[in-house]
Amino acid sequence: MRKTFTLDGKEVPFQDGQTIIQAALDAGHYIPHLCHHPEFKPHGSCKLCTVKANGRQIASCTMPAAEGMMVESETDELNAERRALTQMLFVEGNHFCPSCEKSGDCQLQATAYHLNMMSPHYDHFFPNRPLDASHPDFLLDFNRCILCSLCVRASRDVDGKSVFALAGRGIKSHLIVNAKSGKLADTNFSTTDKAASVCPVGVILPKRRGFAVPIGERTFDKQSIAEYVDTRLAQEEK
Amino acid sequence: MEVLQDNHQSYLDPILARYGHQAVNLMQILREAQESFGYIHPDAVDYLTVQLKVPRTKIEGVASFYSFFYLEPRGKYRVLFSDNITDRMLGNMTLMERMCRNLWVEPGKVSEDGLVSVDTTSCTGMCDQGPAILVNNIAITKLTEQRVDTICDLIREQVPLAQWPAEYFRVEDNIRRKDMLLADGFAPGVALKAAFVRGAEGMLAEVKASGLRGRGGAGFSTGLKWEFSRNAPGEAHYVVCNADEGEPGTFKDRVLLNSYADQVFEGMTLCGYVIGAKKGFVYLRGEYRYLLDHLNEILARRRQQNLLGANILGQAGFDFDIEIHLGAGAYICGEESALIESLEGKRGTPRNRPPFPVTNGYLNQPTVVNNVETFAATCHIAQHGGAWFAGIGTAKSAGTKVMSISGDCARPGIYEYPLGVSVRQMLEDCGAANAQAVQVSGPSGVTVSPQEFDRILGFEDIGTAGAFMVFDDSRDMFEVARNFTHFFAHESCGFCTPCRVGTALLRHLMDKLHNGHGSPYDFEEIEKLNQLLLSMSHCGLGHTACNPVLDTIAKFRPAYESRMLHQDFTPAFDLDYALQAARQMTGRDDSAAHLHNVEEPT
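Protein chains in written order, with my numbering: chain A, 1 to 238; chain B, 239 to 840.
Here chain A stands alone, though its shape is the one from the complex (with noise of 0.2 Å):
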């Protein structure tokens, strides 16, 4: 007999060792996220994915799916919690979205229009992350890092480099990469590694790439995020 568990009412099945995001986006439910990945195992940090399971609030990425569990994801209550954390992603780091080559398929910029963020809310930290241009075809823009390290995993767990990592606690956590120099050439990073492309804000960019589709026709100019991660499991189904 398959097993289920509810969500906003739905009845979601799910198989053994699920956690309650991979079932609920299997069955086409999106639940606002941005560390997860479906390719990599659970994290956990960003905490958007936080749902309320059996009445308890709890990171949908992280918790396993249970016969029976109740769990509540668009509500006012989480939906607005979820919009407070995108706030404070934006003024943790610099993030100019006009400027940016990434805007309009940045997943940051795509989740703060699903949540209806108007402002960034809080005071900015403007933090001092100077770039890294070193590399002949990449560029590091340390400003827009929202620390959900997927480029460490793609690194580390497929690419098998650890090019990047996490340096320093707290307010002053920060991306480091693999080098003495502290520099992207020095490393032995690829254009073809999987941490290149799997960046979900504008950090790990191409160079000489910028623009090359108008603003306007990008990803998120053409659907919202929820419908974004719908097709993109659909196409991976195929």
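It should be emphasised that the hints constitute simulated quantities derived from the structure, not laboratory data. It is possible that some hints are incorrect.
As the list claims (entries may be wrong) - Quick list of in silico lysine to aspartate or glutamate cross-link-like pairs, EDC-like style, CA-CA up to 20 Å:
id	chain 1	residue 1	chain 2	residue 2
1	A	Lys-180	B	Glu-310
2	A	Lys-172	B	Asp-749
3	B	Lys-584	A	Asp-8
4	B	Lys-766	A	Glu-77
5	B	Lys-766	B	Asp-749
6	B	Lys-314	B	Asp-281
7	B	Lys-291	A	Asp-157
8	B	Lys-291	A	Asp-159
9	B	Lys-766	A	Asp-76
10	A	Lys-180	B	Asp-281
11	A	Lys-183	B	Asp-281
12	A	Lys-183	A	Asp-132
13	A	Lys-172	B	Asp-357
14	B	Lys-516	B	Glu-473
Given chain A's structure and the hints, the job is docking chain B onto it.
Chain B only, in chain A's frame:
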């Protein structure tokens, strides 16, 4: 370049050999490397990446996580002022300014000659004998102006730390009230012998019957924890003693380890016997580095007495030994899964749960993590039985609790009480007059106001890890809460968004009120942030980071009202203050160099 690398090799090789060239021991390797060289040199990192076969990102990621590891020179003498609220109340800031003035050094920076750095650090666990500092991670207590001046002379004359006056390093136990745990006369081995008579299952049954609950604050049933771990399948089982006593205001584990280490080690050995472990670790906070040699001596003596090692006390097949692992300045490692990550040589990030350490702990094996005091208590259960233990304290809270009392009282120190004791009783015993508040369990605990002084310590009322900080009516409770928000922002591990950004925003807002820019708007913002931290954070640090603010808002609202200088929102950004750097650079401080004064020339 070659020569330099060789230099690092000469001190790194023996360290690497001692730790078996194992990356799992990275924390200890980095600590000893730094003790040898003063900081972790980039060339030393080069050598370690090769020897430990780990990427550079791993070593830099770990080293930069912990406050006491330095990847850049921090001076031959590294002075850290403990900055708990109790140190503040004893005048640590004035003393720090004095030291900086004497040594011509700015707080947080290294002196121009590279000799010394002076900075602050989270509570070092010397609240009953502060103000306290660490010099090259060794504790110095009872700082006075005269002591500061002499220390400055010793630093300027570059006198080695080992030749500084011994009384500077004296740490008193200050035991004021003894009960079961602190009673004299524990004979090493007696609890083990009693347990062997009962057998492992019998011993487990006694621990369960005793009603003992964890003394680290969470209060989980010790018997159940041992049982879960005992029943969990694994290649090996581990016992971990959580001596990362980081909660500001707590120092009872320091005393237990200093004068009752045999009980602690024996309790760990009992646990090993029950769950079938061969190896135990003590995770000792970096601030207690000075206890390391003392503890290792006791371990060596216990091995000689066959209380550790193979076939303990002739019990065939029962092998158990204990290793001490030092932390390096990270409060979060008191959280058991972060502690295990740190034990494994990683950044101290709390794990996702489930699974829990009892089934998937150290090296993914079943692991019991208990507090220092919990292990000590199990020795008495072994000797006298669970029913005897359950008869002490209250129906819901069995046994005694060792409390660390500090702040505004005549007799700060260590007090052991049967659980169920009232706050009022404790205040009387320690000689606290005019107390307006007690912070029980440190910043993550609860602020108790005079109307609540008849409340009791125990799991049915005020659960506690052991801190008891007293504030008399001269203290500003807003400043107490502000100190705590700074603490949480400094100690947030940075893993999850709500805690990483939220604790920093909370600190900003409390500073904004402090700086006189507060309005009811900010008050609402604080309450909203508190709610977000509580509901969205990854671990207990984020969940409790708002406690001191929520509690003081609820119980000491006038302290906040007086900060509401504005009816409407005022930005925290002060344009005139922002010109400070420009004034300093140009050496100007005349009225035209101030923004406020431009419109009203004098």
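Check: Does the structure break any of the earlier hints, and which numbers would those be?
Finding: 3
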